[in-house]
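Visitor: For reference, the chains in residue letters:
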Amino acid sequence: MEKIINIGEYIELAVDWLTDNFAPVFDLIKNVGNTSIEGIEWLLVTTPFYVVIALIGLLALFKAGRGVAIFSACGLLLIYLMGFWVETMESMALIVFSTVIALVQALPLGIWAAKSERVERIIRPVLDLMQTMPAFVYLIPAVLFFSIGKLPGAFATVIFAMPPAVRLTALGIKQVPADIKEAARAFGATNKQILFKVELPLALNTILAGVNQTIMMALSMVVIAGMIAAGGLGEKVLEGINNLDIGLGFESGLAVVILAIVLDRITQALGQSNKKKVVSLSNIFKRK
Amino acid sequence: MDAGDIKIEVKELSLIFGKKKAQALKMLEQGAGKAEILEKTRCTVGVNKANLQIKTGEIFVIMGLSGSGKSTLLRCLNRLISPTAGDVIVNKVNITKEDNKALLETRRIEMSMVFQKFALLPHRTVLENAAFGLEIRGEDKEQRLQVAQEALESVGLKGFENQLPSQLSGGMQQRVGLARALANNPEVLLMDEAFSALDPLIKSDMQDELIELQEKLKKTIVFITHDLDEAIKLGDRIAIMKDGVIEQIGTAEDILKKPASDYVKAFVEKVDRKAIITAGSLMFRKPNTVTLEKDGPESVLRKIRESAFEVLPVINKNKVFEGFIWLPEVLKAKKQNAESIKDFITTTCPSVYPEVTVEEMLPLITNTKSSIAVVDEATGRLLGVVTQTSLVIESTRFNKEEIVELKEQASEQ
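Sequences listed follow chains A and B, in order. Positions 5 to 292 (the numbering used here) are the ones given, in order, by the first sequence. Positions 31 to 443 (the numbering used here) are the ones given, in order, by the second sequence.
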């Protein structure tokens, strides 16, 4: 069918123009980004696997309870035994990096959107676009800007994973009861004091739910980013598909699922344990 | 009223919600009504040219039904809402002209507020909540927790410091709200329907405690309520608002006895007058009396005849109330040719102080046939007498149908 409007052409032109004129900027971002990701990777890979498992297990124990702790330790051990440890840590490094970058942008944006109706009206359709666009599409500009490798993977991941954190931060802050904010104002609180002493603490659980969502979306995107040589578990999954290797595909897929469950349960519990405030050791062992 | 006594003065204060404020204000100044302004400018008049003077150390109650503008007026006092026109002067400083920084200081130091729905921070302990105002003000942690602790103790919350607000009952949560306000040690307390969310028994307790606290603290309290009984119980003076207009300002008795408008009248008829009218206001002043040292049986008899009462109160030369003398006793004294009536007076009769209410006096009349003497608390001097007839009339002033009708009339408005 004949194209009457060619939006793609304009997008292409814009991307070309950006790559032509901002190549040094992209290079700088790429270098800094790759160095950071490799740093996190180095830390996770060189630390002995049993130390990593023990640390994650302990975190799970204190924040999410005994069941999650046992599952985390066993699951991660299984990954190690299947021989995917290095790939899993690579993926983890990419998730950590992408999540941090996404949150650094998402939290202030979310706060801004909560405070200004106009900002929210502008941001909302952009977030819709970011979330509904097939995830693969982000890989194209990522490669054009940064060629292939880990940083373009992180770039695509950040775009895909940011929206829930923005939305839930805005929602959390908007849900803070007006009378509590008014009380703070009546006691002479400045806007900054209201934000840090009232709004953010009261919105914390909702914001943490957003963080959890961002991490989960980052994980799913990191796997897709395997297609542009971002490394990690995604590359193993891809290898399994390309070679029609059911065994490899299933094993690497299973590693992704385990990683997803571990990350999800622990980050979810962070939001909930915040409500209970103090969880003593004895309670953890009594809990089912 | 001495100008030095005035803590808060509100002058010609108006507040208009809506877009065409200027036009609405102009109409207001020309005397247009709320409905007319709403129709022509689509602006709502929240407060309409309010004037108030609140004295240092008094509990000033602003009362009205919902939508009367009472809460809006309160919020103009610390400028949570900025008035459209007029002035609010606190401690001789015009709050309406203060810049942002000065306004924050005023809120931090001079005025604290207590809210209807408590408005506590759910993630903080009771102690941290009580210290919130001091934290905002920038006091160091040790200092503010200590002051908050003292404030909590003063409202009877010792031992609850480390609980979360959600673990406390409504009454206790509002105590935390009160402690939070008191911890700042402000001169002015703004209380926005502070007890309205509590159940009646707790509410009454809290009112009693507030009165008790006020005896010690002597703050200037501006108390908002929709409950006239509460207003009368707490208020040294009461302002009644309707549709943004202050209809009447006065003491509870002023308002009950001389309602300034039909609205106020309908409102006050709902109140149980027995609990408000006092001996002091009901008594017959300067009654005919008999002086113990001066009057012998003959002169007493003459006085009784002149006054057409068969009983007269007896006082001594210092005007201290001694008892009553009845006509038969006087006649008996005359028959016995007694010099003095001393042995013939009835001394086992009730006397009350002027602030005793009709409700409290009613049981007394079952034990005596005479009037009830009203005496000064300090000196024992006779101030007047309350006759049994007036007591009965006052307590049964309205029959049941009348009261029902008046109540309906009041709630319709």
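The set of hints was computed from the structure by calculation and includes no laboratory data. Owing to the predicted nature of the structure, the values given are computational and were not obtained by experimental measurement. Careful, some of the hints might be misleading.
Derived, one-sided and incomplete: chain B residues facing chain A with beta-carbon distance under 7 Å [unchecked claim]:
id	residue
1	R109
2	L110
3	S112
4	A115
5	L134
6	K147
7	M236
Heads up, the beta-carbon is just placed ideally off N, CA and C, and yes, glycines get one too.
Visitor: Would you mind marking each hint as holding or not holding in the structure?
Guide: Cross-check of the supplied hints:
1. R109: For R109 (chain B), the interface hint is violated, since the closest Cβ of chain A sits about 10 Å away, which is over 7 Å.
2. L110: Holds: closest Cβ of chain A sits about 6 Å from L110 (chain B), inside 7 Å.
3. S112: violated (12 Å)
4. A115: Hint violated; A115 (chain B) Cβ to chain A Cβ min 22 Å, cut 7 Å.
5. L134: With Cβ-Cβ at 5 Å, under 7 Å, it holds.
6. K147: holds (5 Å)
7. M236: With a closest approach of 18 Å, the M236 (chain B) hint is violated.
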